[in-house]
Amino acid sequence: MIRRSEFRLVLLALAAASAPALAEPASRSGLPPAAVPAAGVPAPPFRSAADRVFADGVDGAPAGSGPVTRYDDRAAFLAAVADGYAGHDFAEIAPGPSGLLTYEDGVDYDIDDPYADPPLTEPAPYWYQIFTGLFPSNPLYDGDGFLSTDRIGDPISVLTRIGEPPITAIGATIWTSDFGLQPVAGTLTVMLIMQDGNVDPVTFEVDATAGAAFVGFVAPIGQPIAGILVYADALDAPVPGESPDRWPTLDDLVVGSARP
Numbered sequence: 006m007i008r009r010s011e012f013r014l015v016l017l018a019l020a021a022a023s024a025p026a027l028a029e030p031a032s033r034s035g036l037p038p039a040a041v042p043a044a045g046v047p048a049p050p051f052r053s054a055a056d057r058v059f060a061d062g063v064d065g066a067p068a069g070s071g072p073v074t075r076y077d078d079r080a081a082f083l084a085a086v087a088d089g090y091a092g093h094d095f096a097e098i099a100p101g102p103s104g105l106l107t108y109e110d111g112v113d114y115d116i117d118d119p120y121a122d123p124p125l126t127e128p129a130p131y132w133y134q135i136f137t138g139l140f141p142s143n144p145l146y147d148g149d150g151f152l153s154t155d156r157i158g159d160p161i162s163v164l165t166r167i168g169e170p171p172i173t174a175i176g177a178t179i180w181t182s183d184f185g186l187q188p189v190a191g192t193l194t195v196m197l198i199m200q201d202g203n204v205d206p207v208t209f210e211v212d213a214t215a216g217a218a219f220v221g222f223v224a225p226i227g228q229p230i231a232g233i234l235v236y237a238d239a240l241d242a243p244v245p246g247e248s249p250d251r252w253p254t255l256d257d258l259v260v261g262s263a264r265p
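Just so you know, the sequence shown maps onto residues 6 to 265 in our numbering.
Derived from the structure by calculation, the hints contain no laboratory data. Note that the Cβ used here is the ideal one computed from N, Cα and C, for glycine as well. A couple of the hints might just be wrong.
Claimed, not checked - Listed next, with one range per pair, are the computed distances between beta-carbon atoms:
(1) Gly227 to Ala84: 18 to 26 Å
(2) Pro243 to Arg79: 27 to 35 Å
(3) Arg79 to Asp110: 28 to 36 Å
(4) Pro128 to Gly227: 17 to 25 Å
(5) Gly101 to Gly227: 34 to 42 Å
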């Protein structure tokens, strides 16, 4: 299991290597960019394994780590998640810029969890944070009951804390939006990060005419998920007169544990 300092280096390298090029307007709020950590972080090794992408349903994870199941159907995903999961529709979030969001809810009923420190003696809540940028460095920018980012190129980051009741299931409804927070066709890249340091990219098209897409992951018990990063790529071939910029957008988040 990686230390928190090593995990942060993984995230920094991931964001620096994966963020799309900026274009104007870069910020929905007009706020100046926050300070970015100094350059010099080495290229992450997982970039050379970018073709190890999850396929329909199930794909092999890195050797020795066991399979992780990807779900494109919310009902099927929830059927594979144990009772006590945490779910959010973000109805309480006010539209506009917001900082880091911290949640501690849901319960882990597995009181014999070997990853808990100290060992659990009663059901414990899941702990996780949602932010954007690096660690974070820039604000979220939210709509009416959903989350997005302020600056182009920033991911929506949903991360757990090492040593807490482990999260082995995570899923959300995601789509791409334009500068005005309206749904628009685009491409999303979802980075699944395991607490052992393995990272897998999942890239797929989101068609605004078909509505938002669901993506969920369930890992075997004993293989905790560190989190996900959701990127929106600028269009390679934009429509003349229209902006190529896209923002990642997220709603109806679920975090929990795999059903035994």
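Inset, instruction - Starting from the hint 18 to 26 Å, judge whether the C-beta atoms of Gly227 and Ala84 obey it. - result: Once the Cβ atoms are compared, 21 Å apart, the range 18 to 26 Å for Ala84 and Gly227 holds.
Inset, instruction - Could you see if the CB distance from Arg79 to Asp110 stays within 28 to 36 Å? - result: 19 Å, violated
Inset, instruction - State, for the Cβ atoms of Gly101 and Gly227, whether the hinted interval 34 to 42 Å holds or is violated. - result: 41 Å, holds
Legend entry - Range hint compliance [Cβ, Pro128 to Gly227, 17 to 25 Å]: Cβ of Pro128 to Cβ of Gly227: about 18 Å, so the range 17 to 25 Å holds.
Inset, instruction - Kindly confirm whether 27 to 35 Å is satisfied by the beta carbon distance between Pro243 and Arg79. - result: 31 Å, holds
The structure fails to meet hint 3 from the earlier list, while all remaining hints are met.
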